[in-house]
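Asker: Here are the chains, one letter per residue:
Protein chains: 2
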Amino acid sequence: MNKIKISAPATIANLVCGFDILGLAINHPQDEMEMQLTKEAGIKITHIDNYSLPTEPTKNVAGAALLALMEEYPDKNIGFEIIVNKLIKPGSGLGSSAASSAGAVVGANYLLSNYFTKHDLVRFAMHGEKVASGVKHADNITPCIYGGITLIRSIFPLDIVPLSAPPMYVTVVHPQIEVKTSDARQILRKEVALKDAIKQWGNVAGLVAGFLQNDYDLISRSLEDVIIEPIRSILIPEFDKIKMQCKEAGALGGGISGSGPSVFMLSKEECTAKKVEQIMKDIYDKIGVDYHTHVTTINNEGVKIN
Amino acid sequence: MNKIKISAPATIANLVCGFDILGLAINHPQDEMEMQLTKEAGIKITHIDNYSLPTEPTKNVAGAALLALMEEYPDKNIGFEIIVNKLIKPGSGLGSSAASSAGAVVGANYLLSNYFTKHDLVRFAMHGEKVASGVKHADNITPCIYGGITLIRSIFPLDIVPLSAPPMYVTVVHPQIEVKTSDARQILRKEVALKDAIKQWGNVAGLVAGFLQNDYDLISRSLEDVIIEPIRSILIPEFDKIKMQCKEAGALGGGISGSGPSVFMLSKEECTAKKVEQIMKDIYDKIGVDYHTHVTTINNEGVKIN
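Here the protein sequences come in this chain order: A and B. The numbering of the first sequence is my numbering, which starts it at 667 and goes up by one. The numbering of the second sequence is my numbering, which starts it at 667 and goes up by one.
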């Protein structure tokens, strides 16, 4: 059986105002995997990174996603061997678990002559997200599989809408602190003020229109979150300062990537994106917080078989 | 001075999931006005309809809008005479007050050689809405002035985004019952569940994408309101039945027009829009509620000077 190489991009969920519905794939970082189809039922997972992630299929995000896929595949006498080199740090807020789940099911589907649709693959990969965070969310998986910017109009039933957008640069800073997705969810209020919800859906509508109409100014004006960010940003050191200074430097806007702690900024020009990176570095250097940064672009192809 | 004739279209605010942010102008019904510029300061308003609306400028929606416009016009020695023939029934939920305000300021601006921008005119006309309902909302005024479908991303500061959309037919039924905008607002809860707000902004995002991508199916799937409609629809006789039967007959979807009591449905084909009208008639005939119906299309030009 042929061995394939897979790369699965990092993703930014929420995109500021689109909590739980919007996501974006980026070109860097990406997880790498090797995968092959076997004639014996079962999944064998090996991690060659240093994150000590579980390799038992039901407890591994790629494994759980593959089990869901195999459940719907008619031939039960198949299995997969998969070697994962995780280059997206777990807990970064950059869709690390989604990349494993999405990469595994896209790879498996390739080995099965594309028996399933992309829509199916999102469904399967959501089982991986459940293992990772306890919730079957799709806002990282979908852009990881489809590439570009995606809207989850509805999760049950799953309704995926790929959105075109003008070229943008993405700057990401990942402060090396731990924010658990489950904690980041628990601090949210279960009720929100109607007037805030109206502002939020005004911004979501503006952001979608900005993407589809290639209107950078409208994108910039719409990148405002009055509901989630005011609460979650308290978990991220110097969040307000980063955001203010990056926007002053010309970034279109940005916010928390997923549930954090990574912070991202969108820019129209590469030089702005690099200026923004320097601002992030300076701020974290000053307070002595370790970090990684990435300056990258939108990934429009999603998981790739090399 | 020349006398001009003005027609100002009815409008449908909210468009189901876009509470307070989306609106749509329709070709029928339309208010008619005659207007002329005078050399003496002051506003003279005459109504030739039978609605006994106040004609004192500060208490009349067109008057209040014109006063706001005159406040910002440098030459203080001007005035307007305006004759209003209101063909959009007040209290119908079809933007009757907005048509008067919008028609008056667009007409005045024409007589003043288009001194102001459309954006300014929306600001002025909002003063009329304040007279009518106590709130400076813009979701009827904006489509009335711009035509088509408009998004108010933000009201303070005012951010208007015109949205293109595929051709659609609009069926409206106006049951002859009274629902005051202020009452329809008061019954709303001030807090909403976050999970419902997420559903709503997923649908708003889907609806905007559906309009801009000419995707009728996506428009149809997105025409769902989990926050306002479940509360307001109790004020409208047979609302659920109308909605269900119209969708079964092939309507894309629809809901309450503004704060009601009118109900609207969007359809791709004229024959469907007419079928929908018959369903509405049959339902209200059966329970003995008087009504008016309209089968019309999207008005893409807004207030028109004839």
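Derived by calculation from the structure, the hints in this document are not laboratory data. The model shown is predicted, which means the values in this text are computed figures rather than measured ones. Accuracy of the hints is not assured; some may be wrong.
Remember, identical chains collapse to one label, so a pair may be satisfied in a single copy or spanning two.
Below 27 Å or equal to it, Euclidean Cα-Cα: the simulated DSSO-like pairs (lysine-lysine) are [to be verified]: (1) 796 to 913; (2) 669 to 940; (3) 710 to 913; (4) 861 to 796; (5) 755 to 669; (6) 861 to 784; (7) 846 to 861; (8) 941 to 705; (9) 669 to 952; (10) 846 to 705; (11) 856 to 913; (12) 970 to 861; (13) 671 to 861; (14) 934 to 705; (15) 784 to 952; (16) 669 to 856.
Asker: Hints first: check each against the structure and report whether it holds.
Answerer: Hint check:
1. Proximity of residue 796 to residue 913 under the C-alpha cut-off of 27 Å is found in neither arrangement, the shortest distances being 35 Å within a copy and 35 Å between copies.
2. Taking the closest pair of Cα atoms, residue 669 and residue 940 never come within 27 Å of each other, the shortest separation being 38 Å inside a single copy and 59 Å across copies.
3. Within a single copy, residue 710 and residue 913 get their C-alpha atoms no closer than 46 Å, and across copies no closer than 49 Å, so neither meets the 27 Å cut-off.
4. Only between protomers do residue 861 and residue 796 lie at most 27 Å apart by alpha-carbon distance; the minimum there is 18 Å, versus 32 Å within a single protomer.
5. Taking CA atoms no more than 27 Å apart as the test, residue 755 paired with residue 669 passes inside one copy only; the shortest distance there is 25 Å, against 71 Å between copies.
6. Proximity of residue 861 to residue 784 under the C-alpha cut-off of 27 Å is restricted to the inter-copy arrangement: shortest distance 26 Å between copies versus 37 Å within a copy.
7. With identical chains, the CA atoms of residue 846 and residue 861 are at most 27 Å apart between copies only, with a shortest distance of 20 Å across copies and 29 Å within one.
8. Proximity of residue 941 and residue 705 under a CA criterion of 27 Å is satisfied in neither setting, with 52 Å inside one chain copy and 58 Å between copies.
9. In this assembly of identical chains, residue 669 and residue 952 lie within 27 Å of each other by CA distance neither inside one copy nor across copies; the values are 46 Å within and 69 Å between.
10. In this homomeric assembly, residue 846 and residue 705 never come within 27 Å of each other (Cα to Cα): the closest approach is 38 Å inside a single copy and 70 Å across copies.
11. When the C-alpha separation of residue 856 and residue 913 is checked against a cutoff of 27 Å, the pair qualifies neither within a copy, at 30 Å, nor between copies, at 32 Å.
12. Proximity of residue 970 and residue 861 under a CA criterion of 27 Å is satisfied in neither setting, with 42 Å inside one chain copy and 33 Å between copies.
13. Taking CA atoms no more than 27 Å apart as the test, residue 671 paired with residue 861 passes in neither setting, with 49 Å inside one copy and 39 Å between copies.
14. For a Cα distance limit of 27 Å, the shortest separation of residue 934 from residue 705 qualifies neither inside one copy, at 49 Å, nor across copies, at 51 Å.
15. For the identical chains of this complex, residue 784 and residue 952 are neighbours neither inside a copy (45 Å) nor across copies (48 Å), given an alpha-carbon limit of 27 Å.
16. When the C-alpha separation of residue 669 and residue 856 is checked against a cutoff of 27 Å, the pair qualifies neither within a copy, at 47 Å, nor between copies, at 57 Å.
In summary, the numbered hints that this structure violates are 1, 2, 3, 8, 9, 10, 11, 12, 13, 14, 15, 16.
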